[in-house]
Structure formats: structure tokens, C-alpha cells
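Novice: Listed here are the chains, written in short residue letters.
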Amino acid sequence: MQQVRLDRARRRVVRWLAGAPLPSAGLFQRRRESLFAAYIGVRVFYAVALYQVCDAASLQRFLDATALDPLWCVRWARLTGPALAGSIVYAATVLCAIACALAPARRAARIAFAVALFEFGGLESSFGKINHGWHVLSVCAFLLCFLPSGELNWIRRSTGRVQAYLLCVWSLLASFFLTYTISGGWKVAVGLVQAARLEPNAFSPSALAYHVARRLLETGDSTPLAHVLLRHPTFGWPANLLTLYLETFAIIAAFRPRLHRPWAMGLIAFHLGSGLVLGIGFYHHVLLLGVLGLASPFAPAFDARATLLDLPLFGDAWRWLSARRRQAPRGEASPLTGRPA
Amino acid sequence: MSARRLLPARTLSWSGTRVKPALANQSNLGRPRGACYPGSVASYRLLVRVVVGTALALTIGPSVVRAAGHRSKGEMFPLSRWAMFNRVDSEVDDYGIRIRSLAGQTVSPPVYFENAGLELSQSVTAYHAIQKFAERTLKQEADVGTSRTLVEQRYLGGPGVEYELVARRWDPLVRWNGGSFKSERVIASFVSGASQ
Numbered sequence: 001m002q003q004v005r006l007d008r009a010r011r012r013v014v015r016w017l018a019g020a021p022l023p024s025a026g027l028f029q030r031r032r033e034s035l036f037a038a039y040i041g042v043r044v045f046y047a048v049a050l051y052q053v054c055d056a057a058s059l060q061r062f063l064d065a066t067a068l069d070p071l072w073c074v075r076w077a078r079l080t081g082p083a084l085a086g087s088i089v090y091a092a093t094v095l096c097a098i099a100c101a102l103a104p105a106r107r108a109a110r111i112a113f114a115v116a117l118f119e120f121g122g123l124e125s126s127f128g129k130i131n132h133g134w135h136v137l138s139v140c141a142f143l144l145c146f147l148p149s150g151e152l153n154w155i156r157r158s159t160g161r162v163q164a165y166l167l168c169v170w171s172l173l174a175s176f177f178l179t180y181t182i183s184g185g186w187k188v189a190v191g192l193v194q195a196a197r198l199e200p201n202a203f204s205p206s207a208l209a210y211h212v213a214r215r216l217l218e219t220g221d222s223t224p225l226a227h228v229l230l231r232h233p234t235f236g237w238p239a240n241l242l243t244l245y246l247e248t249f250a251i252i253a254a255f256r257p258r259l260h261r262p263w264a265m266g267l268i269a270f271h272l273g274s275g276l277v278l279g280i281g282f283y284h285h286v287l288l289l290g291v292l293g294l295a296s297p298f299a300p301a302f303d304a305r306a307t308l309l310d311l312p313l314f315g316d317a318w319r320w321l322s323a324r325r326r327q328a329p330r331g332e333a334s335p336l337t338g339r340p341a
Numbered sequence: 001m002s003a004r005r006l007l008p009a010r011t012l013s014w015s016g017t018r019v020k021p022a023l024a025n026q027s028n029l030g031r032p033r034g035a036c037y038p039g040s041v042a043s044y045r046l047l048v049r050v051v052v053g054t055a056l057a058l059t060i061g062p063s064v065v066r067a068a069g070h071r072s073k074g075e076m077f078p079l080s081r082w083a084m085f086n087r088v089d090s091e092v093d094d095y096g097i098r099i100r101s102l103a104g105q106t107v108s109p110p111v112y113f114e115n116a117g118l119e120l121s122q123s124v125t126a127y128h129a130i131q132k133f134a135e136r137t138l139k140q141e142a143d144v145g146t147s148r149t150l151v152e153q154r155y156l157g158g159p160g161v162e163y164e165l166v167a168r169r170w171d172p173l174v175r176w177n178g179g180s181f182k183s184e185r186v187i188a189s190f191v192s193g194a195s196q
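Protein chains in written order, with this note's numbering: chain A, 1 to 341; chain B, 1 to 196.
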């Protein structure tokens, strides 16, 4: 009984997360197309990963380093020294990325790449600061270890394998968007606490100006738009609120295929904007958002009305009110218009 | 491929390779007793658990690490709290390196690292390395030497730099408009490459 109730609750949550359902017509055709796009997407993902790891500046940084503050996963680098450790890890990561880009169907290659990338990211973050550019890529590489092996013809012969393949590819986007939701959640939570204390907070018109001034004074740096924004702090307010919305509800967008592309585009715009204003580009994430979000294998053809109805909070509220209006008996006031239905 | 097609589906693992039925049963986690799911469905169920587990690890993991008092404060790669720019600070408390002498020449007045015009002065990684160095110095942690070596060799550019670690308090908007620090307190003085 308990299990049935739990299942029912879980289904209700998933149904709410999924928003307005996609039309059931052409479901199997869509799944075939999604599988094909996902298959290509995995290959492109590894090509992008190869591009990201084979940065010559990384290798040069390892070779030039005379000291290191190694993270827990690369403690062994103390024995070899940064140059040798860096050379080994760099070579292993690049070779594994090449293997994965050539043969993504091979699980051994994917596992090797996940391990090598984990070490690479650890070493990249051993210069005194943990760089967040490698976290998502590492988690995606880990999740891809569970991708069903085999060529496309072999996978599409079994519904279970097709579903597993699609779930695995979707989980890359979901885990990526989840990191934004965690970040947005912290901003909202801390912002509410600061607002309650009547301090400047994440919802204040001057919030972005405070961030920009702090960031640029910490590093003595300057950015193209910083001066304009600090002269007119309210210019950044709408962008700041929109970013909070995009970040906080990103995980819900992952469950709603119509939102994959708009959300990815919004987050790309956020990264480009923060590059222009704060000097923090997160260009690794821009590429991944392109591969996993803009080229999402699950996104249907664009439909503006359906997309708006899928928007978290606003779309949900509109759909709920519409459903109430449909259910209201004739003669009762409609919650949308206030007039009798 | 043709041999695979002849095999019953439940003796195939999710990698598509043939496994013994007993082993296949072990891999079907959560499968009800007596049920007879194909291997691909079992792999799907396993994958669902992996995805949910990863999501939980990403969400709760960093907070658990932090609550456990681990020195990484939840930033245990590849886990991260993703708590970036969550506080809007009208008063910032941080640490800076104030350089008094560089390459044998006295710097007058002393300048902070970020304004010293060194090769990596504008690096945010350097800024965070300095914060870590100062925190370890204040707490007198065992591996303060590692942080110091890193800062001196990588960011200060070698031996013979006289500098002091300073705890600072400042308002971002006031300083941006030409104001000064609210307070500056010297924690320790060093010469790079020498003992304290």
C-alpha cells in the first residue's frame, strides 16, 4: 500500500516537472529521431571534450610549475613533481579523448577518459583555486560510462537499450542544469536571509554593481562593461533577476524538452554577459550548453505558445488557472477573468 | 552480431556481451523475485539509480562534506557547492599580499599584489591562493608551507620579495569610487624563499 502511494506521488511529481505533455502522435518516430541525434550528440560531446583538454596552455602550465597544492585526487603528484604528473595526465586525457571521439561506443575508452579527466581536472585545480570549469565535464564523463555499448543498429533493436541510451544522454543535460539550480538556490536562499536583515541582497537593484566592484577590485582587473554598470547600477537589475530565474529553475527546464533550447541560449547569454561584466567567461560551459542544450536530441520543433506555457512558475500558474476555469461549473466566476464562465 | 540475435535477451548484459544467467541475475538490482525482465530493462533500471544517485551526490554531497568538517568546506572535486556570488557584501573581509620590496628595490609606498603589475597579478586563481595561504597561516595548519611555496614561486615570481600578509576590510562601491580600506591589519611578514 505504502509502495503504491509512493509510486503515485513519484508519478505526480514527474508529471508536474514535465509540464505540458508533448503530443502523443508521432511518438515512435520522435524516439527514433532522438536516438539518432543522441548518438551523434555523444560523438560531438567527446570532440568538444577533446578540444577542451588539448589546450596547450594547460600543458605549458604544468611544465612551468615548480610548486603545487594538490587536491585529494592528485596527491600522488607530490611524488613525481608537477611537470611529470602534468605530462602523464595531459597525455592520458588527450589520448583517451581521441579514442572516445573515434569510438564512443567502446565502454573501456569512456571509462578511461572519465578517470583521466578526473585526474586532469584535479591537477588543473591544484594551483590554489578550484576551477569550476572541469566539474560538469567530469560528471558527464562519469555518467557516459553507463551508456549502453554498441553501434546504433544494435541499440535500436531493443526498447530497453534505446530508453537507457536516451536516459543517459538526458542525464548529462539534467546534471548540468542541476548545477545551475544549486547555484541559483543558494543565491535565492541567502538573498532572502539578507533581505530579511535589510542588507543589500541578490534582489536589490545594486546587487550586480556590488559583485562587479568586488570582483574587479580583488584582481585589479577591468572589463568592457564594468564602468557603465557601476555608473548606472540599475542597468544590471533586470539581467540579474533574469539570471536568478534561469539558474533556479534550470532543473525544471531539463524535464521540459521545449525549454532545452531557450534555456541553454539564456544560460549562454548569461555566461557571455558575465564575461563582459565580471570577466568570468566559463567558456567551457558555453560549449557544453551548445552541445547538450541547443542541440538537445529531445527538443521538439519550436512552438512559441507551448514554450511559454512550459515556463516554470508563470506557465505553471497559467495552466493551473486554465484547468480551474475549465473545471468551474457554468455561472461561477472564472479565476482568470473574474467573469462568469 | 548474428550470434547475439540468437541469444535470449535476458542472458545479455547491458554492454551487449553474453553473461552467465546467474551473473545476469546479480546485476539486475531491485528486480522482484521471480520476475523475468530482459537485460536491457534491468540496465535501464540500474541507470535510473545511477542518475538519481549522481543527482543526490551533486546536491547533498557538498553540504555533507562541509557539515562533516572537512577542510575543503564542501569543495571536494568533483563535488562543489556552486555557492558563487550568493552573498551581496557591502563589507568585504579578505586578505592581501602587500609587497614592500621587489627584486632588491624598495617599493614605496608598498603595493598590493593585484596592483603590482606582476605577470599573474590579475589572476583570480592567484587571489584565491593568497586567501588560502592567509587562512592556513592564521590557523597555523601543517601544510601552510605548501601554500606559501606555491604563492611565492608561482605568483610572486621567485625569491627576494619582501611582503606582508594583510587582513583587510573594505566596501566595494566606496573603494571603486576612490575610497580606501576601512581597516588593514598585518598578519605576518615574509621574504620569499626564506624562513619566516
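A few of these clues could be false.
Coverage of chain B stretches by chain A, computed from C-beta distances (three or more under 8 angstroms per stretch; other residues unrestricted) [unchecked claim]:
hint, segment
1, 50 to 63
2, 90 to 103
3, 117 to 131
I should point out that these hints are in silico values taken from the structure, not numbers from a laboratory.
Built from N, CA and C at the ideal position, the CB exists for glycine as well.
Novice: All hints are to be evaluated individually against the structure, with a verdict given for each.
Specialist: Status of each hint after checking the structure:
{"no.": "1", "hint": "50 to 63", "verdict": "holds (count 6)"}
{"no.": "2", "hint": "90 to 103", "verdict": "holds (count 3)"}
{"no.": "3", "hint": "117 to 131", "verdict": "holds (count 10)"}
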